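Sequences and hints are given; from them, build the entire structure.
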Amino acid sequence: MGAASSMRLAGSSRPPEGRMSETPRIAVVVVTYNSARVLADCLESLPAGARGADLVKVVVADNASCDESVPLAERAGATVVRLGRNAGYAAAINAGVAALDREGLLDRVDAVAVLNPDCRAHEGALARLAAALRVPGRGIAVPRLVSPDGHTHPSLRRAPTVRGALAEALIGGRLAGRIGRLGEVITDPRRYLVPGTAAWATGAALLVSVAAVRDLGPWDESFLLYSEETEFALRAADRGWTLWYEPESVVEHIGGEANVNPVLAALLTVNRVRLFRRRRGPVSSLAFYVAVVLGEALRALAGRRTARASLVALLRPSRRMRALPQQSAT
Numbered sequence: 001m002g003a004a005s006s007m008r009l010a011g012s013s014r015p016p017e018g019r020m021s022e023t024p025r026i027a028v029v030v031v032t033y034n035s036a037r038v039l040a041d042c043l044e045s046l047p048a049g050a051r052g053a054d055l056v057k058v059v060v061a062d063n064a065s066c067d068e069s070v071p072l073a074e075r076a077g078a079t080v081v082r083l084g085r086n087a088g089y090a091a092a093i094n095a096g097v098a099a100l101d102r103e104g105l106l107d108r109v110d111a112v113a114v115l116n117p118d119c120r121a122h123e124g125a126l127a128r129l130a131a132a133l134r135v136p137g138r139g140i141a142v143p144r145l146v147s148p149d150g151h152t153h154p155s156l157r158r159a160p161t162v163r164g165a166l167a168e169a170l171i172g173g174r175l176a177g178r179i180g181r182l183g184e185v186i187t188d189p190r191r192y193l194v195p196g197t198a199a200w201a202t203g204a205a206l207l208v209s210v211a212a213v214r215d216l217g218p219w220d221e222s223f224l225l226y227s228e229e230t231e232f233a234l235r236a237a238d239r240g241w242t243l244w245y246e247p248e249s250v251v252e253h254i255g256g257e258a259n260v261n262p263v264l265a266a267l268l269t270v271n272r273v274r275l276f277r278r279r280r281g282p283v284s285s286l287a288f289y290v291a292v293v294l295g296e297a298l299r300a301l302a303g304r305r306t307a308r309a310s311l312v313a314l315l316r317p318s319r320r321m322r323a324l325p326q327q328s329a330t
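Reading the sequence shown from the start, the letters are residues 1 to 330 in full-length UniProt numbering.
The set of hints was computed from the structure by calculation and includes no laboratory data. One thing to keep in mind: the hints can contain errors.
Claimed, not checked - The calculated lysine to aspartate or glutamate pairs, modelled on DMTMM-like cross-linking and capped at a C-alpha distance of 25 Å, are:
id : residue 1 : residue 2
1  : Lys57     : Glu103
2  : Lys57     : Asp107
3  : Lys57     : Asp118
4  : Lys57     : Asp41
5  : Lys57     : Glu44
6  : Lys57     : Glu123
7  : Lys57     : Glu74
8  : Lys57     : Asp101
9  : Lys57     : Asp220
10 : Lys57     : Asp67
11 : Lys57     : Glu248
12 : Lys57     : Glu68
13 : Lys57     : Glu22
14 : Lys57     : Glu221
All values reported here derive from a predicted model rather than from experimental measurement.
Pasting the structure below:
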């Protein structure tokens with residue numbers, strides 16, 4: 001978005017230094033689309049989630065919801081930014097950050113949290129992420145994501161590779177993720193017990209330092225949904241910022257729709273290939289594409305509907321989603 005594009009700072013690839021306040025000041029951007037069923041719990045969790053920090057502002061960036069998302073957010077005291085259409089996750093983040101910038105709040109906060117509406121921050125979660133960002137060079141901090149029953153989600157990722165895509169195609173992502181550094185998804189539960197860096201992480205909940213926000217500029221809106229957080233984290237690494245995982249920060253996340261929705265699964269799969277092609281040469285990109293096609297074909301033969309939809313989108317570009325649905329709440 002044009003308003004967000006002014007956030008980028010000129011300079012070298014080394015990240016500018018930002019000094020965190022003694023009590024970190026945080027703004028929150030929550031992205032909604034017909035999210036009333038979960039939004040109230042998300043917003044209600046934020047004061048406790050920010051305990052130990054100064055929660056300066058909550059912005060709800062709404063993708064033209066047809067349910068009660070907007071009035072619910074307004075009653076909760078959030079500032080609502082209406083995009084007027086279902087523009088996608090990255091566009092909503094950009095609109096929310098641009099609203100903070102217009103109000104002069106980016107100069108008054110240390111970091112911006114981005115949350116899905118189906119997230120609930122546990123006590124002190126945002127303050128713990130802010131504490132992790134005090135270390136120079138860290139630009140993004142992510143929490144331990146848990147399901148409502150307390151199970152830890154495998155939210156951390158390695159950088160995508162041809163070898164990893166082939167391994168996932170042949171033996172599945174869960175097993176590939178447990179074998180050395182083979183798979184993209186880190187599935188070894190021991191990794192989630194200790195803090196450390198990762199190439200990227202699920203974008204449902206993260207905290208970005210304002211220095212990184214200004215250095216990196218807007219999120220890439222061309223992805224609509226999925227891979228926008230991958231692109232943002234990998235671009236941050238290109239600029240010298242690291243992504244830090246902090247297991248003491250806990251955020252509950254429902255999620256998982258792409259695992260059962262064929263349309264969303266196809267978008268996720270196509271975006272993986274698109275992002276890899278942007279960052280790598282033609283030979284590696286072709287090999288990655290073939291590996292992903294192989295994996296989806298094998299799973300489609302096993303009867304998985306999401307894999308069939310993904311395979312069609314990979315093989316027939318005319319069937320790929322170009323815009324998100326503009327539909328009424330059900």
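Measure nothing beyond the straight line between the CA atoms of Lys57 and Glu68; if it is 25 Å or shorter, mark the hint as holding. Holds - the C-alpha atoms of Glu68 and Lys57 are around 21 Å apart, at most 25 Å.
Quick one, are Lys57 and Asp41 close enough, alpha carbons at most 25 Å? OK: Lys57 and Asp41 at ~17 Å, within 25 Å.
Has the given pair, Lys57 with Glu123, been kept, meaning a C-alpha gap of at most 25 Å? Answer holds: Lys57 to Glu123 is near 18 Å, not above 25 Å.
Is it true that the CA of Lys57 sits at most 25 Å from the CA of Glu103? It holds: about 11 Å lies between the C-alpha atoms, which stays within 25 Å.
Below or equal to 25 Å on CA atoms is what counts here, so check Lys57 against Asp107. Holds - the C-alpha atoms of Asp107 and Lys57 are around 13 Å apart, at most 25 Å.
Is Lys57 close enough to Asp220, meaning Cα to Cα at most 25 Å? Satisfied, since the Cα-Cα distance of roughly 24 Å is no more than 25 Å.
Is the straight-line distance between the alpha-carbon of Lys57 and that of Asp67 25 Å or less? holds (23 Å)
Does Glu248 lie within 25 Å of Lys57 when you go C-alpha to C-alpha? Holds, at roughly 23 Å.
Compare the distance between the alpha carbons of Lys57 and Asp101 with 25 Å, and conclude whether the hinted pair is satisfied. Measuring from Cα to Cα gives roughly 12 Å; hence the hint holds.
Does Glu44 sit within 25 Å of Lys57, going by the straight-line distance between their CA atoms? holds (14 Å)
Within 25 Å, alpha carbon to alpha carbon, are Lys57 and Glu221? holds (24 Å)
25 Å limit on alpha-carbon distance, applied to hinted pair Lys57 and Asp118: holds (19 Å)
The structure meets every hint from the earlier list without exception.
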